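Q: In order, the protein sequence lines correspond to chains A and B.
Each number in the numbering used here corresponds to the 1-based position in the first sequence with 141 added.
Each number in the numbering used here corresponds to the 1-based position in the second sequence with 141 added.
Hints listed in this document are in silico derivations from the structure and should not be mistaken for laboratory results.
Bear in mind that the values here come from a model prediction, so they are computed numbers and not experimental data.
Just so you know, not all the hints are guaranteed correct.
You can't tell identical chains apart in this list, so a pair holds if it fits in one copy or across any two.
[Said to hold, decoys possible] Cross-link-like lysine to any residue pairs, in silico, SDA-like; alpha carbons within 25 angstroms at most:
hint, residue 1, residue 2
1, Lys158, Gly218
2, Lys169, Gly226
3, Lys169, Asp205
4, Lys149, Thr234
5, Lys169, Gln202
6, Lys149, Glu232
7, Lys149, His204
8, Lys169, Phe221
9, Lys149, Val188
Protein chains: 2
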Amino acid sequence: MSTGLLFKMTAKPGSGKELAHLLVESSKLFDDNPDCLGYVVGEANDVPDVVWVLELWTTRQAHDDAIKAPGVQALVGQAFQIMDGMPEQVELTPVGAKALLS
Amino acid sequence: MSTGLLFKMTAKPGSGKELAHLLVESSKLFDDNPDCLGYVVGEANDVPDVVWVLELWTTRQAHDDAIKAPGVQALVGQAFQIMDGMPEQVELTPVGAKALLS
Numbered sequence: 142m143s144t145g146l147l148f149k150m151t152a153k154p155g156s157g158k159e160l161a162h163l164l165v166e167s168s169k170l171f172d173d174n175p176d177c178l179g180y181v182v183g184e185a186n187d188v189p190d191v192v193w194v195l196e197l198w199t200t201r202q203a204h205d206d207a208i209k210a211p212g213v214q215a216l217v218g219q220a221f222q223i224m225d226g227m228p229e230q231v232e233l234t235p236v237g238a239k240a241l242l243s
Numbered sequence: 142m143s144t145g146l147l148f149k150m151t152a153k154p155g156s157g158k159e160l161a162h163l164l165v166e167s168s169k170l171f172d173d174n175p176d177c178l179g180y181v182v183g184e185a186n187d188v189p190d191v192v193w194v195l196e197l198w199t200t201r202q203a204h205d206d207a208i209k210a211p212g213v214q215a216l217v218g219q220a221f222q223i224m225d226g227m228p229e230q231v232e233l234t235p236v237g238a239k240a241l242l243s
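Let the sequences and hints guide you as you build the complete structure.
A: Next up, the structure:
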């Protein structure tokens with residue numbers, strides 16, 4: 142059973158695009174990780190500086206292990222510096238999906 | 142530029158699994174639609190009866206046209222009957238993605 146992680150992140154005013162860029166760069170580090178089944182990073186159209194991320198992983202443990210990598214930690218650290226508060230996180234159990242491509 | 146649509150839907154108490162099932166069945170009707178780049182339907186782990194859906198489409202218009210199909214309307218109509226209030230909807234501009242597979 143795969144696991145979904147949905148994050149809502151709010152950047153400091155004017156920093157939304159930079160936050161989205163950091164999250165995309167961070168997510169790219171999972172491109173060759175077979176436990177990362179996919180992710181989408183999207184900027185909210187109607188609310189400035191809000192970025193949503195949905196990730197699908199084989200297991201929650203695989204995600205928790207993957208984000209410990211130094212390269213990921215460095216980018217996440219940069220992202221936190223321009224966030225306005227903590228991310229909101231929702232854990233999901235995927236029950237249906239079609240391939241999501243960029 | 143593709144478009145993302147994120148929905149948070151709350152079912153009437155005890156109807157979350159049925160709502161998720163209806164949403165999966167509805168989404169399957171887009172499986173052969175080349176404008177539907179993908180979707181994920183997921184049940185929230187920590188909040189009963191909450192279902193999230195993320196869809197990616199080539200354009201917003203393609204989505205709006207697709208949901209007019211009678212088969213989709215019938216399933217969406219059933220879903221609304223067991224929802225507790227209206228869905229919350231967020232429009233996204235995807236800025237990065239890796240294939241999301243079930």
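Q: Run every hint past the structure and note whether it holds.
A: Now for the hints, and whether the structure bears them out:
Proximity of Lys158 and Gly218 under a CA criterion of 25 angstroms is satisfied intra-copy only: 16 angstroms inside one chain copy versus 37 angstroms between copies. Taking the shortest alpha-carbon separations for Lys169 and Gly226, only the intra-copy value of 24 angstroms comes in at or below 25 angstroms, while the best inter-copy value is 37 angstroms. Taking the shortest alpha-carbon separations for Lys169 and Asp205, only the intra-copy value of 16 angstroms comes in at or below 25 angstroms, while the best inter-copy value is 31 angstroms. For the homomeric pair Lys149 and Thr234, the shortest alpha-carbon distances inside one copy (17 angstroms) and between copies (14 angstroms) are both at most 25 angstroms.
For the homomeric pair Lys169 and Gln202, the shortest alpha-carbon distance inside one copy (19 angstroms) is at most 25 angstroms, but the shortest distance between copies (29 angstroms) is not. In this assembly of identical chains, Lys149 and Glu232 lie within 25 angstroms of each other by CA distance both inside one copy and across copies; the values are 12 angstroms within and 13 angstroms between. Taking the closest pair of Cα atoms, Lys149 and His204 come within 25 angstroms of each other both inside a single copy (17 angstroms) and across two copies (23 angstroms). For a Cα distance limit of 25 angstroms, the shortest separation of Lys169 from Phe221 inside one copy, 18 angstroms, qualifies, whereas the shortest one across copies, 37 angstroms, does not.
Taking the closest pair of Cα atoms, Lys149 and Val188 come within 25 angstroms of each other both inside a single copy (12 angstroms) and across two copies (16 angstroms).
Hint check: no violations occur; every hint is consistent with the structure.
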